[in-house]
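Colleague: Using the sequences provided together with the hints, build the complete structure.
Protein chains: 2
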Amino acid sequence: GAPPAQDPMWGYFSAVAGQDGQIDPMELQQCLTNSGFSGTYQPFSLETCRVMIAMLDRDFSGKMGFNEFKELWAALNGWRTIYMQYDMDRTGFINAQELATCVHGMGYNLNPQTINVLMKRYNKNGQITFDDFVACAVRLRALTDAFRRRDQAQQGMCTFQYDDFLQCTLCI
Amino acid sequence: GAPPAQDPMWGYFSAVAGQDGQIDPMELQQCLTNSGFSGTYQPFSLETCRVMIAMLDRDFSGKMGFNEFKELWAALNGWRTIYMQYDMDRTGFINAQELATCVHGMGYNLNPQTINVLMKRYNKNGQITFDDFVACAVRLRALTDAFRRRDQAQQGMCTFQYDDFLQCTLCI
Chain F
1 GAPPAQDPMW GYFSAVAGQD GQIDPMELQQ CLTNSGFSGT YQPFSLETCR VMIAMLDRDF
61 SGKMGFNEFK ELWAALNGWR TIYMQYDMDR TGFINAQELA TCVHGMGYNL NPQTINVLMK
121 RYNKNGQITF DDFVACAVRL RALTDAFRRR DQAQQGMCTF QYDDFLQCTL CI
Chain U
1 GAPPAQDPMW GYFSAVAGQD GQIDPMELQQ CLTNSGFSGT YQPFSLETCR VMIAMLDRDF
61 SGKMGFNEFK ELWAALNGWR TIYMQYDMDR TGFINAQELA TCVHGMGYNL NPQTINVLMK
121 RYNKNGQITF DDFVACAVRL RALTDAFRRR DQAQQGMCTF QYDDFLQCTL CI
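Chains F and U, in that order, give the protein sequences. Every letter in the first sequence is one number past the one before it in my numbering, and letter 29, counting from 1, is 29. Every letter in the second sequence is one number past the one before it in my numbering, and letter 164, counting from 1, is 164.
Note that these hints are calculated values from the structure, not bench results. Among the hints, a few may not be true.
Since the list can't tell identical chains apart, any single copy or any two copies may satisfy a pair.
In silico PhoX-like pairs for lysine-lysine, Cα to Cα no more than 25 Å straight-line [what the hints assert, rightly or not]:
1) Lys124 - Lys63
2) Lys120 - Lys63
3) Lys70 - Lys124
4) Lys70 - Lys120
Modeller: And the structure:
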């Protein structure tokens, strides 16, 4: 890719990253707010920024480098496009039926009970805000990735040891 | 137990529960704030109140009745006692080593990598606030319960189907 200095994303990242070239959840929140990514939606919560970092934190450092930041940005762009398809009036709310369609549009084939769990977990007064939609999408991706890495035979089931189970599920 | 009207907890609960006798995460947040449970610590975040409800939400209603509220209150009391043992100066921060000791004191036997995952996920500038400590304790309890229900032979391992895995881990 282009050297960082010529990458338009570099400006947002380097402004908060400091000497170590890594950002923590509070710095990520500031970076995404400064970039105007959320547009007219509420800025991302610290909680959502934490799971964003955890999703790509392969070395368990709790921080994010520039390459991971670009990977995150690409994923966020995709999720924003999907969310805005259903939030036609840009009020920042989608409902349960629209969440089900979004999740299907992201390529997941989940049963109705799983969709219900997502809805119960992420709704405020029956609606899903953009911030919560992204938190949901991040966790769904990370948990699916963790599951697939352990289901190499692709049988739709996998076995966990206790500590491994906690590490996979509590990191996100 | 005593009829609700004679229970000292009933006042806090009934003030927010309304006609249906159930509270949602925003009502729980208000209830716990009104009760002064957190003392000089920051009031619980909405995110932490969401996982508190999810921990005891056996019918996936997304809400909490009075019996569950009392069960939650008892758990919260226990966690507050443990947290305050290590936060001697009541500044509202404990560090990584203290978190490890707290988790052990709660009866969990986790390996160092799992403790590290908890610390990375829940710290702010290397410290764990009371709010985040409770969120961590709630999720640790709920995930351990889910694991144990599926590990009936108590071998420290269990097998999940994909949707079941997501339901267990995304609800909390």
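Colleague: Please name the hints from earlier in the document that this structure breaks, with their numbers sorted from lowest to highest.
Modeller: Per hint list: zero violations.
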